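Please put together the full structure from these sequences, using the hints given.
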Amino acid sequence: MTTPPDLSVANDPAGGASAPPLAAAPAGLRQSRKEATRNRVIQAARELFDTQGYQGTTIREIARHADVSVGSVFTTFASKGEILSQVMQDRLDGLYAELDRVMPHLRGSTLDRLRTMFAIHFAFEVRHTRLFLAHIASAYDWTLPPSAKPMGRTPRLQEIMRECLEKGVAEGDVCPDVDYQEVVHLLVAAYAWIYRLAAWEDADAATMTEAMDRQIGLIAAGFTPRA
Amino acid sequence: MMHSQIQAVDDTPVKAPTRRALAKQQTRAKVLAAARRLFSEQGYEGATIRDIAAAAGMSTGAVFANFTDKSDLFREIMLTDMTALAEAMTEAAATGNGVEDALVKIFNAGYKFYQTQLPLARAAFSVGWSPEDGPALRNAPPVQALLSLFAEQLTRGEQSGELIADAAEPLRTQMLFDAYLSNYDQAIFQGWSLDALHTRSREQIRILLAGARRS
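In order, the protein sequences belong to chains A and B.
Everything in the first sequence is counted per my numbering, starting at -18 for the first residue and increasing by one.
Everything in the second sequence is counted per my numbering, starting at 535 for the first residue and increasing by one.
Note that these hints are calculated values from the structure, not bench results.
Just so we're clear, the structure is a prediction, and the values are computed from it rather than from any experiment.
Quick reminder that beta carbons are idealized off the backbone N, C-alpha and C, glycines included.
Check before you lean on any hint, since a few could be wrong.
A few chain A residues that face chain B, going by a derived Cβ cut-off under 7 Å, partial list only [what the hints assert, rightly or not]: (1) A17; (2) R19; (3) L114; (4) A115; (5) A118; (6) W174; (7) W181; (8) L199.
A short list of chain A residues far from chain B (calculated; beta carbon distances all over 10 Å) [what the hints assert, rightly or not]: (9) K15; (10) E28; (11) Q33; (12) G52; (13) F55; (14) A78; (15) R94; (16) A104; (17) E106; (18) V159; (19) E163; (20) A184; (21) D185.
In structure tokens, the structure reads:
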């Protein structure tokens, strides 16, 4: 009976290479070992992406840092793009949970609520703007498997915006005949652009929020009922 | 006399290319054609300089003698296309009836231009969003020329009295351009038809112009 790999030796650089062959383990154990590998790879990738960027990190380095073989990274993930997608998805899940908690309690106009929502967003993500940009870019990456969820294919954020607009219709500051989907789509385009501002011009959260506020204001002119 | 003098001045810089320069031009053209095909088939990440060299029937060294790296090669392809695209868009804008219509026609000219080469557009977005290679592509003069074309429509709308002159004009220009770009996602990943893109563009343009309309 082989024992499961001891995660506490994760920093031993030789550990991954000498791991026992997976085929020798029974199915349940194999599953949990695969899960453990997956977690270690994600953890290692998160740290390396944060310190040296996405493009500057290789699969080989991720494997070494996670103390697993390059081969076992590839049995878990199809490509580096997929690892990034997973790292970012985990981060966004935290953010969406925070937004779900806060949004029902927001007061003020639809414009204010949308602005607050994005301000929360940028405060949450400002340390990772270059990574977010890489995340957006990876949506167009050929090597990404269909199962990955890159930026823009995560429906939750769009749902939150749609709910915000629906509430606005109920409260009378959003035109009832406005096409929500088009407004949401424009907000997403504006939001993505903010990451370029942040990463290329090294903007801080306040600058990002201010730029997004102006864009939301311009879009709002298209959904606010005319007096 | 005057005329022939101007001719002469115009002609001076265009020396007859040497055989060496011609060969170099042909090499570049061959590499660019092979690269365009591979980027379309395998994407930006999937196509390597080694593959491109092999497809062009030359050594990687010969490719590197003409282009500094993969992003340089890709940028050259994009900028050639952008210049042609700007012409198509300018022509389309001229037939527009009012600001909204001119902008819709500009968007459409773009979607039509890329309709048969969406894989290349996809590669362009991959590069355009990249933290490393994005700024060089976005700030390239042919891309800036597209932005200016969008801005011109707003200025024209102000002159005709359709729109109020408005401090938000640069922001509105950039947002129109980003809306135009954002619809490629639907074309690339969901196979939207030109008609569907057309309908969405019109709605987006309407929303983005609303704040500048004279009521």
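We went through each hint and held it up to the structure:
The interface hint given for A17/A is violated, since its Cβ lies 29 Å from the closest Cβ of chain B, which is over the 7 Å cut-off. Among the interface hints, the one on R19/A is violated; its C-beta lies about 22 Å from the nearest C-beta in chain B, farther than the 7 Å criterion. For L114/A, the suggested interface contact is upheld, since its CB lies about 5 Å from the closest CB of chain B, less than 7 Å. Checking A115/A against chain B by beta carbon gives a least distance of about 6 Å; that is within 7 Å, so the hint holds.
Taking 7 Å as the C-beta contact cut-off toward chain B, the hint placing A118/A at the interface holds, the least distance being around 4 Å. Taking 7 Å as the C-beta contact cut-off toward chain B, the hint placing W174/A at the interface holds, the least distance being around 5 Å. Contact between W181/A and chain B, as hinted, is supported at the beta carbon level, the nearest pair being about 5 Å apart and thus within 7 Å. Residue-level restraint check for L199/A holds (minimum Cβ-Cβ distance to chain B is 6 Å; threshold 7 Å).
Every CB of chain B is more than 10 Å from the CB of K15/A (nearest about 26 Å), matching its label as outside the interface. Every CB of chain B is more than 10 Å from the CB of E28/A (nearest about 18 Å), matching its label as outside the interface. Separation of Q33/A from chain B is adequate, the least Cβ-Cβ distance of about 12 Å exceeding the 10 Å criterion. With a cut of 10 Å on Cβ distances, G52/A stays outside the contact zone with chain B, its closest approach being about 21 Å.
Chain B leaves F55/A outside its interface by the beta-carbon criterion, the shortest separation being 16 Å against a cut-off of 10 Å. The Cβ of A78/A sits about 26 Å from the closest Cβ of chain B, beyond the 10 Å cut-off, so the non-interface label holds. Annotated as non-interface, R94/A keeps its C-beta farther than 10 Å from every C-beta of chain B; the closest such distance is 18 Å. The non-interface label for A104/A is consistent with chain B: the shortest C-beta to C-beta separation is roughly 20 Å, beyond 10 Å.
With a least CB separation of 14 Å from chain B, E106/A remains clear of the 10 Å interface cut-off, as annotated. Residue placement check: V159/A does not keep its beta carbon more than 10 Å from all beta carbons of chain B (closest about 8 Å). Its beta-carbon lying about 5 Å from the closest one in chain B, E163/A breaks the requirement of being farther than 10 Å from that chain. A cut-off of 10 Å between C-beta atoms confirms that A184/A is not in contact with chain B; the least separation is 13 Å.
No Cβ of chain B comes within 10 Å of the Cβ of D185/A; the nearest lies about 17 Å off, and the non-interface call holds.
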